[in-house]
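Asker: Based on the provided sequences and hints, a complete structural model is requested.
2 protein chains.
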Amino acid sequence: MAANDAVRRSVVLKRRPSGELRASDFEMREDEIPVPGPGEIVTRTIFLSIDPYMRGRLREEQTYAVAIQVGEVMTGETVGEVIASNHPGYVAGDIVVGPRGWQTHAVAKGDNVVKVPRGGAPLATWLGTLGMPGATAYAGITEICKPKPGETVVISAASGAVGSVAGQLAKRAGARVVGIAGGPEKCLWVQDTLGFDACVDHRAYDLAGDLKAECPDGIDAYFENVGGAVQAAVFGQLNRFARVAMCGMVSQYNDDEFPAGPNLGFVVGKAVTIQGFIVSDRPARIVEWRKLAAPLIVSGELIHREDIHEGLDRAPEALAGILTGQNFGKLLIRVGPDPI
Amino acid sequence: MAANDAVRRSVVLKRRPSGELRASDFEMREDEIPVPGPGEIVTRTIFLSIDPYMRGRLREEQTYAVAIQVGEVMTGETVGEVIASNHPGYVAGDIVVGPRGWQTHAVAKGDNVVKVPRGGAPLATWLGTLGMPGATAYAGITEICKPKPGETVVISAASGAVGSVAGQLAKRAGARVVGIAGGPEKCLWVQDTLGFDACVDHRAYDLAGDLKAECPDGIDAYFENVGGAVQAAVFGQLNRFARVAMCGMVSQYNDDEFPAGPNLGFVVGKAVTIQGFIVSDRPARIVEWRKLAAPLIVSGELIHREDIHEGLDRAPEALAGILTGQNFGKLLIRVGPDPI
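First to last, the sequence lines map onto chains A and B.
For the record, in the first sequence the residue sitting at position 158 is 158 according to our numbering, with numbers rising by one throughout.
For the record, in the second sequence the residue sitting at position 335 is 335 according to our numbering, with numbers rising by one throughout.
Hints are computed from structural coordinates only; laboratory data are not their basis.
One should not assume that every hint holds.
All copies of an identical chain are treated as equivalent in the list; a pair is satisfied when it fits inside any one copy or across any two copies.
Mimicking DSBU-like on lysine-lysine, the simulated pairs with C-alpha atoms at most 35 Å apart in a straight line are [said to hold, decoys possible]:
{"hint": "1", "residue 1": "LYS270", "residue 2": "LYS148"}
{"hint": "2", "residue 1": "LYS291", "residue 2": "LYS146"}
{"hint": "3", "residue 1": "LYS212", "residue 2": "LYS171"}
{"hint": "4", "residue 1": "LYS270", "residue 2": "LYS115"}
{"hint": "5", "residue 1": "LYS291", "residue 2": "LYS171"}
{"hint": "6", "residue 1": "LYS270", "residue 2": "LYS109"}
{"hint": "7", "residue 1": "LYS14", "residue 2": "LYS270"}
{"hint": "8", "residue 1": "LYS270", "residue 2": "LYS171"}
{"hint": "9", "residue 1": "LYS171", "residue 2": "LYS115"}
Answerer: Shown next, in the form of structure tokens:
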């Protein structure tokens, strides 16, 4: 869709999904392009971020957020261009990250968005490596995994928006870093382009055996994005005093009932720490990470990869696809053209 | 047995147990009372500590210790009286804690034991509240559970050697403390004598419901000694940012194969920390705890209760019993008389 259509298009939840998410659980709605109220800005969306956590927002029961209700616009981070402003800090043409929603135009409180400097890191990275996923990786690695030189760190969903950053940070800390990803193409990229020491294909016949071959001294830290059989394979090879950063368990996000998990006896004897975290509980980390990472992106020291689908209509099928690992890199929807 | 028999009696492993431990998995052996080598002392045992972790030492596979082999003397902390010394720091008549083994007499390196001052806390407490179990409770509460005033802390095996101390420490920190114990007699004692705010009987019909009634604001910290159904009930009621100190899972120590555990999805969304620990990894904590706790025991501020069985022959059945919760308080074997 061109960005300056006279209508706003929004993706709303049509019915609460049960089991595997389908694109038909959503529908498109049109209304007028809004005008900003006091202190507000209106943006046209350039990129929309698609992330696995969004499946969780569709559940009736929530642990830390608010469920999306049927008929409501789906939530999601965007990069957009200000087209109207009632906030002293913004003028038309400013680029901002933060307005939320699967829609061509969004209203936001000016205090809730961040201005993107022109000429720095590419716009798309503000939703991936420089955005919430990158800050998540940063928080999990620095606060929980705490890799030491020579230790072995395993990263699941290693080619994804979070895993790709987590592994590069663990490498920078001097650890041996082993990724887990789905399929040979992703594994090759993780190893050859991201520079992990190895990457194991979880679709292969013997995940535990392949992992053991790449982690001969056991596993000292694990960045968990996946759950299920991948979790079981890693947990069986944790060393004493291992740290597990529990970031996500995407393998079960489509499940109505969650499967049983690991017996936790090993946690006692091996003195393991398993710690869940949500980056939105640590807003200071996001600010800190953006300062630290932006120059590394510009200099090429921090590798990023985006998987960009064209058009807001593609958002539902893109979310369905990320839950089964069909994306390769940070999944984004291009909703409108880059600013001039 | 009188302590000054001319022989030493020792309990050795007769066969590696499979499933439920039986007293017949052990047998008694007699030999000569040893003489101390250079730097060594020989003690006669007064009290022998029986603890759930001992079942783990009988497994072939070990995570942090060495397995007891068939024909070897069973391991265990004791309080004993020095009867011969080749160490400049000890003379006959000194009381020491630390010599290891299910036996009437033990040889120990003088540097590996701790001298017990006369006239302070009762001898038996040096193996319980003042010993490894008490220090374990101290480490788990102060380093992992970190209770804040007004928070709700749940302690399983609340009447046991570890749980009774953990709960009292959480109370001193200003938390609402709810114990879980087996049967009305233990629950009453936990509530009325130890001063927990409530105690729930895990043998009752609806553990989760009873727990919820006593934890109306959810659970902020859990000191885990039990595992199994008790763990499942508590995990289902954890609040965001809850801390779980994984001290033990005694309900499964007789299992040859461990049952499946909890799905860990909640750990992510609730940002829960589940941390295993072994007090022997923190020797400084034991020293610190003894200094802190001894005056509280003497003053009566820290309540302790011992369950003392008479005679070394009773040790095997006592260990079998502690695994099914038959003890009430710190389980000890009186092997020989108190010093004069």
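Asker: Which hints, by number, does the structure contradict?
Answerer: Going through the list in order, the structure violates no hint and respects every one.
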